[in-house]
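> Read off the chains here:
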Amino acid sequence: MAKRIDVSDLNIYYGSFLAVADVSMTIEPRTVTALIGPSGCGKSTFLRTLNRMHEVIPGARAEGKVVMDGVDMYGSDVDPVAVRRHVGMVFQRPNPFPTMSIAENVLAGVRLNNKRISKGDAQDLVEQSLQGANLWNEVKDRLDRPGSGLSGGQQQRLCIARAIAVKPQVLLMDEPCSALDPISTLAIEDLIAELKDDYTIVIVTHNMQQAARVSDRTGFFNIAGTGKPGRLIEIDDTSTIFSSPHEQATEDYISGRFG
Amino acid sequence: MSTTPTRRPEGAEPSLTPAESMTHGRASLANRAFARLSTASGVTILALLAAVTVFLVLEAMPAVTTSPAELAERISWFPEAGGILGYVGPLVFGTLLAAVLALLIGTPLAIGIALFISHYAPRRLAQGLGYLVDLLAAIPSVVYGLWGSLVLAPRIVPVQDFLAQYLGWIPLFDGPAAHPARTVFTVGVVLAVMILPIITAVCREVFLQTPRLHEEAALALGATRLEVIRTAVLPFARSGIISAAMLGLGRALGETMAVLMILSPGFAYSFALLQAGQHQTIAANIANQFPEANTYGVSTLIATGLVLFVITLAVNMLARWIVSRRAEFSGAN
Amino acid sequence: MATVQSAPTRPAADDELRRQLTGAGLEPSRKRADRLMTVVVTLAFAVALVPLVSVSWTVISRGLERFDLYFLTVSMRGVFGGMDAGGIYHAILGTLLITLFAALISVPIGLLCAIYLVEYGRGRLAKSVTFFVDVMTGIPSIVAGLFAYALFALFFGPGVRLGIAGSVALSVLMIPVVVRSCEEMLRLVPNELREASYALGVPKYLTILKVVLRTAIAGIATGVMLAIARVIGETAPLLIVAGTVDSINTNVFDGRMMTLPVYIFGQYRQGNVSCVAGATDCIPTINFDRAWAAALTLILIVMALNLIARLIARFFAPKAGR
Numbered sequence: 001m002a003k004r005i006d007v008s009d010l011n012i013y014y015g016s017f018l019a020v021a022d023v024s025m026t027i028e029p030r031t032v033t034a035l036i037g038p039s040g041c042g043k044s045t046f047l048r049t050l051n052r053m054h055e056v057i058p059g060a061r062a063e064g065k066v067v068m069d070g071v072d073m074y075g076s077d078v079d080p081v082a083v084r085r086h087v088g089m090v091f092q093r094p095n096p097f098p099t100m101s102i103a104e105n106v107l108a109g110v111r112l113n114n115k116r117i118s119k120g121d122a123q124d125l126v127e128q129s130l131q132g133a134n135l136w137n138e139v140k141d142r143l144d145r146p147g148s149g150l151s152g153g154q155q156q157r158l159c160i161a162r163a164i165a166v167k168p169q170v171l172l173m174d175e176p177c178s179a180l181d182p183i184s185t186l187a188i189e190d191l192i193a194e195l196k197d198d199y200t201i202v203i204v205t206h207n208m209q210q211a212a213r214v215s216d217r218t219g220f221f222n223i224a225g226t227g228k229p230g231r232l233i234e235i236d237d238t239s240t241i242f243s244s245p246h247e248q249a250t251e252d253y254i255s256g257r258f259g
Numbered sequence: 001m002s003t004t005p006t007r008r009p010e011g012a013e014p015s016l017t018p019a020e021s022m023t024h025g026r027a028s029l030a031n032r033a034f035a036r037l038s039t040a041s042g043v044t045i046l047a048l049l050a051a052v053t054v055f056l057v058l059e060a061m062p063a064v065t066t067s068p069a070e071l072a073e074r075i076s077w078f079p080e081a082g083g084i085l086g087y088v089g090p091l092v093f094g095t096l097l098a099a100v101l102a103l104l105i106g107t108p109l110a111i112g113i114a115l116f117i118s119h120y121a122p123r124r125l126a127q128g129l130g131y132l133v134d135l136l137a138a139i140p141s142v143v144y145g146l147w148g149s150l151v152l153a154p155r156i157v158p159v160q161d162f163l164a165q166y167l168g169w170i171p172l173f174d175g176p177a178a179h180p181a182r183t184v185f186t187v188g189v190v191l192a193v194m195i196l197p198i199i200t201a202v203c204r205e206v207f208l209q210t211p212r213l214h215e216e217a218a219l220a221l222g223a224t225r226l227e228v229i230r231t232a233v234l235p236f237a238r239s240g241i242i243s244a245a246m247l248g249l250g251r252a253l254g255e256t257m258a259v260l261m262i263l264s265p266g267f268a269y270s271f272a273l274l275q276a277g278q279h280q281t282i283a284a285n286i287a288n289q290f291p292e293a294n295t296y297g298v299s300t301l302i303a304t305g306l307v308l309f310v311i312t313l314a315v316n317m318l319a320r321w322i323v324s325r326r327a328e329f330s331g332a333n
Numbered sequence: 001m002a003t004v005q006s007a008p009t010r011p012a013a014d015d016e017l018r019r020q021l022t023g024a025g026l027e028p029s030r031k032r033a034d035r036l037m038t039v040v041v042t043l044a045f046a047v048a049l050v051p052l053v054s055v056s057w058t059v060i061s062r063g064l065e066r067f068d069l070y071f072l073t074v075s076m077r078g079v080f081g082g083m084d085a086g087g088i089y090h091a092i093l094g095t096l097l098i099t100l101f102a103a104l105i106s107v108p109i110g111l112l113c114a115i116y117l118v119e120y121g122r123g124r125l126a127k128s129v130t131f132f133v134d135v136m137t138g139i140p141s142i143v144a145g146l147f148a149y150a151l152f153a154l155f156f157g158p159g160v161r162l163g164i165a166g167s168v169a170l171s172v173l174m175i176p177v178v179v180r181s182c183e184e185m186l187r188l189v190p191n192e193l194r195e196a197s198y199a200l201g202v203p204k205y206l207t208i209l210k211v212v213l214r215t216a217i218a219g220i221a222t223g224v225m226l227a228i229a230r231v232i233g234e235t236a237p238l239l240i241v242a243g244t245v246d247s248i249n250t251n252v253f254d255g256r257m258m259t260l261p262v263y264i265f266g267q268y269r270q271g272n273v274s275c276v277a278g279a280t281d282c283i284p285t286i287n288f289d290r291a292w293a294a295a296l297t298l299i300l301i302v303m304a305l306n307l308i309a310r311l312i313a314r315f316f317a318p319k320a321g322r
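Taken in sequence, the protein lines are chains A, B and C. The opening residue of the first sequence carries number 1 in full-length UniProt numbering; numbering runs sequentially from there. The opening residue of the second sequence carries number 1 in full-length UniProt numbering; numbering runs sequentially from there. The opening residue of the third sequence carries number 1 in full-length UniProt numbering; numbering runs sequentially from there.
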C-alpha cells in the first residue's frame, strides 16, 4: 500500500513569489518522514504540494517533479483530484464535517464522491478505519452522533480515520498535534507509529522532540530571511540529524540557538 | 479506487496503477461543467442589467423620436408645449424634492436610533430593539400608502398649519397648508419612515465597527459617552453615514405606492411643501398613468422610467463607491 | 496592512481628544451635554416606534373588522357598489403563485451566482458582478415592472398583462437579495471544511454541492425566505404587468392576475361608496374595510415568512461544536 515519493528540483510559488526553492528528496515507503524548521520556512507549503493541495489557493503553483512510483504527479494528464485519493492529508486543526455524524465523517471520502457502497461494507469500513485510528473503542456506541461533539484529540483521530478510509498510499500530516493537549498528542504519536506499517507518512511538526520520537527520517527546512524562499537544508536519518547533522544551521536549530 | 474494506495483500500490485487512476476522468468533466454553470449565472446578472437598460431604451425610443406636437395630440395628459423634456422636468423635480425631504427627516433620526441601539441601550436589549426597527422594513409600501393617506394625512394637518402660520415666510412652508394634507410634506414624512430601517441598519453596523481601542482610549481619558461618540465614533463613521444616507435616498427616489396614494399630483416647479396639487414623482406618475395609457403613453412613461433608473443608478453607485473606498482605507470590512 | 492604512485618521481624533480633555473644568456643561444627548437619542428611538405602533394598531384594529374565513375564501367576482360581500381568495392565490414563480427564477440564478462569487470568482468579472449586484439592489421596483413589460411586450405585443411577467419583475428585485444573502452564508463556511474535502479526493463541484451547500443550507433557506418576504409586498411592478382582475386565475402564463398588494391599492382607489338613503345592503366604507383586511392578511403573510426564516435559522443550523 505504501509508496515511495521522489521529489526533484521543486520550486513552489504563490503568484510570482517563490516560497520554496529547489527541493529534492526521496520519501521512503513505510517510514515516517518528519519535516522541521522555523516558522515560515515553507515546510507546510512543501507538504501541500505532495498531494497538490497547494494549488487550491488562487495563484499558487509548483514547478518540478514529484514522482510517486514512476508517475509524475504534476504530469499534464494527471488529475489533482485523483492524486488526493492516493495521498491523504490530516490538518493542523481537526476539521470534521459539522453536518455529519461520526460514521458519516469516516465515510465522507466515499459518499462525497458519489460512490455506491453496501451497508455491510460501509459498516466494515467505518469499524476498520476507526480501529486503524485507535478511536473505535471510544466512539463505537455513538457512531450516529455529530463528529463535532468529540474532544479535540478524538476529532483529530476521527480525521485520521476519515483520511485512511479512502485507502491512500501516503498520509500527510500538517502539525497534527499543534492544537491538542499532551495526552491527545501522545495518542496521536502512538497511532503514527502503528500507521507506518501500512502507509508512507510525512509529518510537519514544530516540535523537535516529536520529530525525534516518531520519525525515521527528518528533513530540515530553513529560510535565509523574510522575502527569501525556504530551502531544504538537509534530510537524513532522524538519529543522524539529531546527533551529528552535516550542516551548521541544522545543529544551531536543533540545539535551540534559533527558531 | 476500490472501496471494499479488505486491505490489499502485502506486496501485491494495486488493481489500478497510479498512472491510470490519476488521469482526468468523468469527474473532472463534471467539475468543469459546474464551474461554467456558476460562472454563467454570474454573467446572467450582468446580462440582466444590460437587458433592463436595452429594453427600456428600445421602448422609450418612440417617445423621443416622435414630435412633441404629435405626442401631445395622441396622449391626453401630455403637455402642449415643452416636449418630452418639458414633461420629465417637473417629475424629476418632484421626485428629488420628496426624496431629499425624506432624507432630511430620516437621516438624523436614523443616526439617533442607531446610536441608541449601539451605544445607549442595554446590551441585552440591543438586538431586540434593532429587530423592532427592522420590522418597519417588513411593512409593504402599499400598507404605508394606506396608512399615510387614511391615518397620517388627517393627523398631520395641525403640524402643517403650525408650520404655515409661523414659518410661512420661508418659501418652503408657504401657505395655505392643504386640507386634507395630500402634500409632499406628508409624503416626505412617510418616505422618511420607510427609509429609516436601511439607514439605521447601515449606521448601526458602522458604529459597531468603531475600533474598540479608540473608544476605550477615549473612555480611559475620562470622556463622557457623548464625547466618546463625538471623538471616536462619529469621525470613524462619517463616510459610512453618508453612504447609508445615499442608499436611503436611492430607496426614496424609487418609492411608488406611498407617493401615489398620498400625494395629490401636480406638475409645477414649486418648493411649497405644504400645498397640494403641486408635485408628482416619476414612479408614482408611471403607476398612475400606465394602466390606461396607449402605445405612445407607455413609451413616454418608459422614457421617464429610464430617467428614474439613471438617477437611482447614479445615487447607488456613488453610495457603493463611498463604501468601497472606506473599506479600503479603514481596513474594516 | 489594515492598521497602517487606517493610521491617517487617528492623529486627528487623538488631537481632538487631547484638546478636549486638557480643558477639563467644564464639568457641569459636559455632564449636561451628555445627558441631553442621552435624551435626544432615546427620543429618536421612541419617535421611530410611533409609526410602527400606529401602523400595526390601525392595520390590526381596522383589518379585523372584515378578516374572517368568508373574506379569505371568496373572490370579487360579481361584487359591485357597496355590497357587503367579496373577498381576497383570488388575490392571495395570485400573490402566492406569482411569488412562487419569482422564487423559482431567482433562487437558482441567485444561488449559482453566489457560488460563482465565493468559490470561483476571481479578477475583473467577479468584481464587476459584485458591483452590479449591488447596483441591482437599488433598481426601483417600478423600473423592474417597466422592464418586465418591455420584455413581454416584445413577444406578446403592447398591452400585455401576465402573471409570469409579474414574476419576472419580482425576480429582478429578488435576485440581488438572494445573491447577497447566499454569498454571505457561503463565506461563513470555514475553508477548513473545503480543504478537508479536497484532501479526500473529492472534486470541487462535489465539495461545493455536498459540503459547502450542506453546511450553509439553513442560512441559505433563511435568506431565501427573507427575500421572498421582501418582494411579496411589492405593488407597483405588479400593477403594471400583472394587472387587475376580479376573478380567480390560476394560470400565470395566461391573462391578468390579481395580487394582494394590488388589491389593496385597487380597493383604496375606489374610495367611499355613495349609498342610496335607506339601502340595507350597502356599506359606504366597504372598499376601505376590504383594503385594511387585505393589508392585515398581507402583513400576516410577511410576518409568517419572517418567522419561518428565523425558525429555519434556529433549528436547522449545523450544530458546530466549535
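Hints may be right or wrong, so weigh each one.
What the hints assert, rightly or not - Which residues of chain B face chain C? A few of them, derived with a C-beta cut under 8 Å, are:
| no. | residue |
| --- | --- |
| 1 | Leu37 |
| 2 | Leu109 |
| 3 | Gln165 |
No lab work stands behind these hints, which were simulated from the structure alone. Treat the numbers as computed from the prediction; the structure is a model and nothing was measured. Ideal Cβ positions, reconstructed from N, Cα and C, are used throughout, including at glycine.
> Take the hints in turn and mark each one as holding or not.
Do the hints match the structure? See the list:
1. Leu37: holds, 6 Å
2. Leu109: holds, 5 Å
3. Gln165: violated, 23 Å
Checked against the numbered hints above, the structure breaks only hint 3 and satisfies the rest.
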